[in-house]
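**Q** Following the hints, position chain B against chain A.
Here the protein sequences line up with chains A and B, keeping their order. Counted the way full-length UniProt numbering counts, the first sequence spans residues 1 to 704. Counted the way full-length UniProt numbering counts, the second sequence spans residues 1 to 234.
Heads up, some of the hints might be wrong.
As the list claims (entries may be wrong) - No more than 16 Å apart at the CA atoms, straight line, and that leaves these computed lysine to aspartate or glutamate pairs for EDC-like:
hint, chain 1, residue 1, chain 2, residue 2
1, A, Lys432, A, Glu573
2, A, Lys669, A, Asp445
3, B, Lys203, A, Glu537
4, A, Lys669, A, Asp596
5, A, Lys432, A, Glu422
6, A, Lys689, A, Glu573
7, B, Lys208, B, Glu165
8, B, Lys203, B, Asp213
9, B, Lys207, A, Glu537
10, A, Lys538, A, Glu664
11, B, Lys207, A, Glu539
12, B, Lys174, B, Glu231
13, A, Lys474, B, Asp90
14, A, Lys474, A, Glu530
15, B, Lys203, A, Glu539
What the hints assert, rightly or not - Beyond 12 Å from chain A on every Cβ pair, some chain B residues (computed):
hint, residue
16, Gln28
17, Ala45
18, Leu46
19, Met91
20, Arg122
21, Gly141
22, Arg149
23, Arg153
24, Gly177
Everything labelled a hint here was simulated from the structure, so no lab data went into it. Just so you know, even glycine gets a beta-carbon here, dropped at the ideal spot from N, CA and C.
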Amino acid sequence: MKLSRQLLLLSLLTLMIPWAGYQHLQEMDQLLRDGQSRALLAQAKAVATALSNEENLSAWPAQHPTQQQTGFFAPLQQGQLVLDGYDGDWPAWRKGLFYRAGEPGFHARWRLMLQRAEAETFANRKRLRSPHDRLFAFVEVNKSELSYYHPGKNGLANGDHLLLQSASQLYALSTSSPGKIIARYRADDQLRIEHRIQGWWRETSKGYQVELQLPMELLAGRFNLTVVSDQGEQLGLWASDQQAPRLVHQLESLDQALDKFRQEGLRLSISGTQGELLADQQPPAKVSYLDLPNKLHPVKAWIYQRLLQSQQLEVLQDWQRNGWYFGDEARNALAGRADSRWYQGEGQLKVRASAPIQGPDGAVLGTVIAEQSNDTQASLMNSALLNLLLYSSLGSFLLGAALLAYASWLGWRITKLSQAAEQALDEYGRPKPEQHLLPASDAKDELGDLSRHHHTLLRRLRAYSDYLGSLSSKLSHELRTPLAVVKTSLDNLQQCELNEEQNSYNSRALQGSERLSAILNAMGAASQVEAAIQSAEKEAFRLDQLLGDLAMAYRDTFANRCQVELELDDQAEIHYWGAPELLAQALDKLIENAVDFCPQGGRITLSLTDSPAAYRLEVENDGPLLPDLLSEQLFDSLVSVREKTDSERPHLGLGLRIVQLIVEFHQAKVHAKNRADLGGVRFTIMLPKGLNRGIPGSAGEVLP
Amino acid sequence: MPRHIVIVEDEVAIAANYQEALQRQGFQVSHYIDRPSALQAFNEALPDLAIIDVGLGEEIEGGFDLCRQLRAQAPQLPIIFLTARDSELDMISGLRLGADDYLTKDISQAHMLARIVALFRRMDALQEPEQDAEENCLQRGALDINLDRMHARWQEQLLDLTVTELWIVHALAKHPGHVKNRQQLMDAANVVLDDNTITSHIKRIRKKFQQIDPEFRCIATAYGMGYRWQEASE
Numbered sequence: 001m002k003l004s005r006q007l008l009l010l011s012l013l014t015l016m017i018p019w020a021g022y023q024h025l026q027e028m029d030q031l032l033r034d035g036q037s038r039a040l041l042a043q044a045k046a047v048a049t050a051l052s053n054e055e056n057l058s059a060w061p062a063q064h065p066t067q068q069q070t071g072f073f074a075p076l077q078q079g080q081l082v083l084d085g086y087d088g089d090w091p092a093w094r095k096g097l098f099y100r101a102g103e104p105g106f107h108a109r110w111r112l113m114l115q116r117a118e119a120e121t122f123a124n125r126k127r128l129r130s131p132h133d134r135l136f137a138f139v140e141v142n143k144s145e146l147s148y149y150h151p152g153k154n155g156l157a158n159g160d161h162l163l164l165q166s167a168s169q170l171y172a173l174s175t176s177s178p179g180k181i182i183a184r185y186r187a188d189d190q191l192r193i194e195h196r197i198q199g200w201w202r203e204t205s206k207g208y209q210v211e212l213q214l215p216m217e218l219l220a221g222r223f224n225l226t227v228v229s230d231q232g233e234q235l236g237l238w239a240s241d242q243q244a245p246r247l248v249h250q251l252e253s254l255d256q257a258l259d260k261f262r263q264e265g266l267r268l269s270i271s272g273t274q275g276e277l278l279a280d281q282q283p284p285a286k287v288s289y290l291d292l293p294n295k296l297h298p299v300k301a302w303i304y305q306r307l308l309q310s311q312q313l314e315v316l317q318d319w320q321r322n323g324w325y326f327g328d329e330a331r332n333a334l335a336g337r338a339d340s341r342w343y344q345g346e347g348q349l350k351v352r353a354s355a356p357i358q359g360p361d362g363a364v365l366g367t368v369i370a371e372q373s374n375d376t377q378a379s380l381m382n383s384a385l386l387n388l389l390l391y392s393s394l395g396s397f398l399l400g401a402a403l404l405a406y407a408s409w410l411g412w413r414i415t416k417l418s419q420a421a422e423q424a425l426d427e428y429g430r431p432k433p434e435q436h437l438l439p440a441s442d443a444k445d446e447l448g449d450l451s452r453h454h455h456t457l458l459r460r461l462r463a464y465s466d467y468l469g470s471l472s473s474k475l476s477h478e479l480r481t482p483l484a485v486v487k488t489s490l491d492n493l494q495q496c497e498l499n500e501e502q503n504s505y506n507s508r509a510l511q512g513s514e515r516l517s518a519i520l521n522a523m524g525a526a527s528q529v530e531a532a533i534q535s536a537e538k539e540a541f542r543l544d545q546l547l548g549d550l551a552m553a554y555r556d557t558f559a560n561r562c563q564v565e566l567e568l569d570d571q572a573e574i575h576y577w578g579a580p581e582l583l584a585q586a587l588d589k590l591i592e593n594a595v596d597f598c599p600q601g602g603r604i605t606l607s608l609t610d611s612p613a614a615y616r617l618e619v620e621n622d623g624p625l626l627p628d629l630l631s632e633q634l635f636d637s638l639v640s641v642r643e644k645t646d647s648e649r650p651h652l653g654l655g656l657r658i659v660q661l662i663v664e665f666h667q668a669k670v671h672a673k674n675r676a677d678l679g680g681v682r683f684t685i686m687l688p689k690g691l692n693r694g695i696p697g698s699a700g701e702v703l704p
Numbered sequence: 001m002p003r004h005i006v007i008v009e010d011e012v013a014i015a016a017n018y019q020e021a022l023q024r025q026g027f028q029v030s031h032y033i034d035r036p037s038a039l040q041a042f043n044e045a046l047p048d049l050a051i052i053d054v055g056l057g058e059e060i061e062g063g064f065d066l067c068r069q070l071r072a073q074a075p076q077l078p079i080i081f082l083t084a085r086d087s088e089l090d091m092i093s094g095l096r097l098g099a100d101d102y103l104t105k106d107i108s109q110a111h112m113l114a115r116i117v118a119l120f121r122r123m124d125a126l127q128e129p130e131q132d133a134e135e136n137c138l139q140r141g142a143l144d145i146n147l148d149r150m151h152a153r154w155q156e157q158l159l160d161l162t163v164t165e166l167w168i169v170h171a172l173a174k175h176p177g178h179v180k181n182r183q184q185l186m187d188a189a190n191v192v193l194d195d196n197t198i199t200s201h202i203k204r205i206r207k208k209f210q211q212i213d214p215e216f217r218c219i220a221t222a223y224g225m226g227y228r229w230q231e232a233s234e
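Chain A extracted, bound-state conformation (with noise of 0.2 Å):
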């Protein structure tokens, strides 16, 4: 992994401080949330004690059944409802907000509707109080033969029918044909038609749905309804035949009592003892953050919201719509237990707390709850902390760039030294010249360090490269004096007259000095082939004649060694502009260290071949592989990889090393390698043809 990604990696753990800022945030929220619901209960409590004292338990509605008298419920309706027969305008059928009977083949389901007065006269713009509060009832029943009044029998009713049960009276309600439905009830031991009570009948694909109104005052506060077959099966809670249970519905003079407690910000209600909702105020006008006077900005807003409100909370329901309330603090308070929960909804939170009302006999009548969101007191308070949020991720975030700006500067560093490290060094593995070599930094810290110990390294490896380079023809040139001096005495004493032992040791001597001779000039041949190249000329010839004249030499010398073969790409002639003495004697070195490698009947080959950019001039030969380690500073002077010996000449591993300065002449590149069938060693000399200005020349003569 690169520097750079390691210590992004390492910035990363800077995001802890807003994670900590978060998680301070979060408590401190929970927090002022814990301490608002513990108010909000309290305030509950307050108000559920003062509900249930005498005065006002005279407000508490008389005819409000305890949990022991349940009776049907009317929620109040918001909009307006049309008399038609269709549910559409309805609120849908929810589980457990409708009334059903039956079993299968025959059942039905009712709902119940109470539409004040009020709210009908607002269509005409006018705010008069009618006293008519009416009740709406939709019937659906499930049957599959149905049978209408028949006008010829007698009896309050007869056919499919429904039983509608007032404090006072039985209406039958039953058509003659799918439409209006006619209301009959018994009076005086006649059968009278109640005209208030309106519904329409319509037939469906299982059976038959009725809706129905009426007023509110015909009831006189009791309510039943009862489903009749033609069969005179009949569907209901209660039975038709005994008084109809209460009708419980929303309060006006609960609703006034509990306008007493009124406060910016809260909602009470009051639900009955099955969660109906007995009174209700007008939900608070929802206070947006945007409207506080300490504004929070909306970016800021959304991050808060975002953060703290993501958390999985019951969604609020929205008990207006259908009038019953089921939260599980209501439950609790019904069982006699204050509590409160936590909601989201409408985008805020929303707290609801729930206190029991109890009656003087201890039993609950129902429960206060009140609703709160968090909103007004929350965005103060957390403003603060938001910023708090923003600032320290802001912080971890120029840390993590800093750290990241700084991670890319060391690294770009230390990358440039390696390079200069690399590049410091030529394709041989001796280091460069001088003003090639990585320059020493001037930096004070520890990479400077590095680059100055690395500049001191490489220099001083350059001066031992450059002084082994020339410690042969120094050594050869210091030798070469007391050799003279042992070579001319040599000679002298021959001149004397000596006896035959004498003789055999002076020419013995003579012949080690020979050989010593031979040595001092191998080793200062570097030198003379250096010099030599400084006065060679380049001249245009031909490369193949020139390999073909070499081979057919090599296999003439090293006839008795090997078999030398040569191996050219095509007959066309190949000119190039080079130094042929030299690429000769170039040669001559690959020649002799591959013979002296090559086993004795080995193979050499000699090639030529002819590549896009350069000619390439190989020598291969049987034998022992090179070693890995060696192979790039197989051309440097005095390094041999021999293991044989042999004593007739010496070998000092300067061969190569003049291969390499000739091929440096050229502008040439050579390696050697190990053959891919691991049977021997090739030599390449890639000869570049871009410095081929050769003049196509004939039959290999010189050109001047």
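**A** Coordinates of chain B only, in the frame set by chain A:
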């Protein structure tokens, strides 16, 4: 009267060995250890031949200076440079200063003597009128070599060859078309040299011919083997 040879050499042991060897051959030999003493001796009397070491004591190139001064005094005097150095640059500058030959110190005495004799022969020839064809002569096309007089001509013009070079040219021209390898050339030139030195000798020889005749092509390289004399095609 024996010929007088002066050896200017800071290595006493070598000088003594040469001195004895040359004296054994009947030469009169004087030895000087440095440039001032040698110069003083030259001012008194000129020798017949001078063998000068390039490095003289503290003076690294004292031999060259001495050669320059001696050549000014005596344009015809044969001078042989003797050196431990084998750098081609030294050789070239030595020969440019007018030395007649340039040898490394490990040359055998036999080779040295052969050279000295040849040089004396050449000097004598300069003073003697040209004689008839009894002399040891070789003619190949435009080349004319007289081994007795130690000189060669190309297209009737005298070639300024050193003794070594003359012997090399002679060895090549003796059997035209035959490839002479480096060893053969060294033997012919009475010298032990390494391959590069032979190459540079050949190069110099070619240049000397080309000074007279820019179209000179007679010394051909047989790569990997040696050189051969190739008769001009016309």
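**Q** Could you run down the list of hints and mark each one as holding or not?
**A** Evaluated hints:
Between Lys432(A) and Glu573(A), the direct Cα distance comes to roughly 37 Å. Violation of the 16 Å bound is thereby established for this hinted pair. Between the alpha carbons of Lys669(A) and Asp445(A) the distance comes to roughly 39 Å, so the proposed pair goes past 16 Å and is violated. A C-alpha spacing of about 11 Å is found between Lys203(B) and Glu537(A), which places the hinted pair at or below 16 Å, so the restraint holds. Among the hinted pairs, Lys669(A) with Asp596(A) is inconsistent with the structure: their alpha-carbon atoms are about 23 Å apart, more than 16 Å.
Between the alpha carbons of Lys432(A) and Glu422(A) the distance comes to roughly 11 Å, so the proposed pair stays at or under 16 Å and holds. Taking the CA atoms of Lys689(A) and Glu573(A), the gap is near 14 Å; set against the 16 Å cutoff, the hint holds. At roughly 10 Å between alpha-carbon atoms, Lys208(B) and Glu165(B) fall within 16 Å of each other, so this suggested pair holds. The straight-line distance between the Cα atoms of Lys203(B) and Asp213(B) is roughly 15 Å, inside the 16 Å bound, and the hint therefore holds.
This hinted pair checks out: Lys207(B) and Glu537(A) have alpha carbons roughly 13 Å apart, not beyond 16 Å. As the CA atoms of Lys538(A) and Glu664(A) are separated by approximately 13 Å, the hinted pair is consistent with the 16 Å bound. Annotation: proposed proximity of Lys207(B) to Glu539(A) holds, straight-line Cα distance about 15 Å (limit 16 Å). For the proposed pair Lys174(B) and Glu231(B), the alpha carbon gap of about 11 Å is at most 16 Å, so the pair holds.
In summary, the hint linking Lys474(A) to Asp90(B) is supported, as the alpha carbons are separated by about 15 Å, within the 16 Å threshold. Distance restraint check for Lys474(A) and Glu530(A): the Cα-Cα separation of roughly 14 Å lies within the 16 Å cut-off, and the hinted pair is therefore satisfied. At roughly 13 Å between alpha-carbon atoms, Lys203(B) and Glu539(A) fall within 16 Å of each other, so this suggested pair holds. Every CB of chain A is more than 12 Å from the CB of Gln28(B) (nearest about 18 Å), matching its label as outside the interface.
Ala45(B), annotated as away from the interface, keeps every beta carbon of chain A farther than 12 Å; the closest lies near 26 Å. At roughly 25 Å from the closest C-beta of chain A, the C-beta of Leu46(B) stays outside 12 Å, upholding its exclusion from the interface. The Cβ of Met91(B) sits about 9 Å from the closest Cβ of chain A, inside the 12 Å cut-off, so the non-interface label is violated. The non-interface label for Arg122(B) is consistent with chain A: the shortest C-beta to C-beta separation is roughly 24 Å, beyond 12 Å.
The claim that Gly141(B) is not at the interface with chain A holds, since no C-beta of that chain comes within 12 Å of its own (minimum 18 Å). Remark: the non-interface label on Arg149(B) is consistent with the geometry, its nearest Cβ contact in chain A lying 28 Å away (cut-off 12 Å). For Arg153(B), the requirement that its beta carbon stay farther than 12 Å from each beta carbon of chain A is met, with the minimum near 23 Å. Listed as a non-interface residue, Gly177(B) keeps its Cβ farther than 12 Å from every Cβ of chain A; the least gap is roughly 15 Å.
The structure shown violates the earlier hints numbered 1, 2, 4, 19.
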